[in-house]
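Peer 1: Sequence:
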Amino acid sequence: MADIQVDRMVQFDSLLAERQIPSKYHSYYKMWVRSFVAFCRKQGIPEAHPESLDRFMLALAEQGRAAFQQRQAVEAIALYNEADVGADMRK
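Numbering follows the working numbering, with no gaps: position 80 of the sequence shown is 83.
Calculated directly from the structure, the hints in this document are not laboratory data.
Be careful, since some hints might not be right.
Stated by the list, open to error - Label-pair distances were calculated between CB atoms; the ranges are: (1) PRO25 / HIS52: 27 to 33 Å; (2) ALA69 / PRO25: 14 to 20 Å; (3) ASP87 / ALA62: 30 to 36 Å; (4) GLN8 / GLY47: 28 to 34 Å; (5) SER17 / LEU61: 17 to 23 Å; (6) ASP10 / GLU65: 17 to 23 Å; (7) ALA69 / LYS45: 28 to 34 Å; (8) PRO49 / SER26: 26 to 32 Å; (9) GLY67 / VAL9: 16 to 22 Å; (10) GLN46 / GLU85: 30 to 36 Å; (11) LYS45 / PRO25: 16 to 22 Å; (12) PRO49 / GLN73: 19 to 25 Å; (13) VAL13 / GLY67: 16 to 22 Å.
Since the structure is predicted, the reported quantities are computational estimates derived from the model, not experimental observations.
Glycine included, every Cβ here is placed at the ideal spot set by N, Cα and C.
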């Protein structure tokens with residue numbers, strides 16, 4: 004899976020707790036983020052590209068992922084992107 008900046012993942016962990024995502028789901032949220040980052044790198048598209056999430060979601064649907072998994076992935080990636088904004092603001 005993809006390597007992700009440690010400070011960004013720390014911020015992501017904080018957001019999971021802040022948004023009261025049950026801790027039993029944290030590993031799934033992290034898995035979706037790692038999968039998304041790896042997908043973007045493999046496809047050669049920036050994570051921030053407007054179409055990156057749409058392409059990732061299409062890939063999940065093609066894999067037969069359940070609707071709840073797709074929603075969870077979208078939520079995880081949104082929080083991950085929020086963590087990136089938070090990390091930029093602290094610089």
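Peer 1: Hints numbered earlier in the text: which of these fail when held up against the supplied structure?
Peer 2: 3, 4, 5, 6, 7, 9, 10, 11, 13
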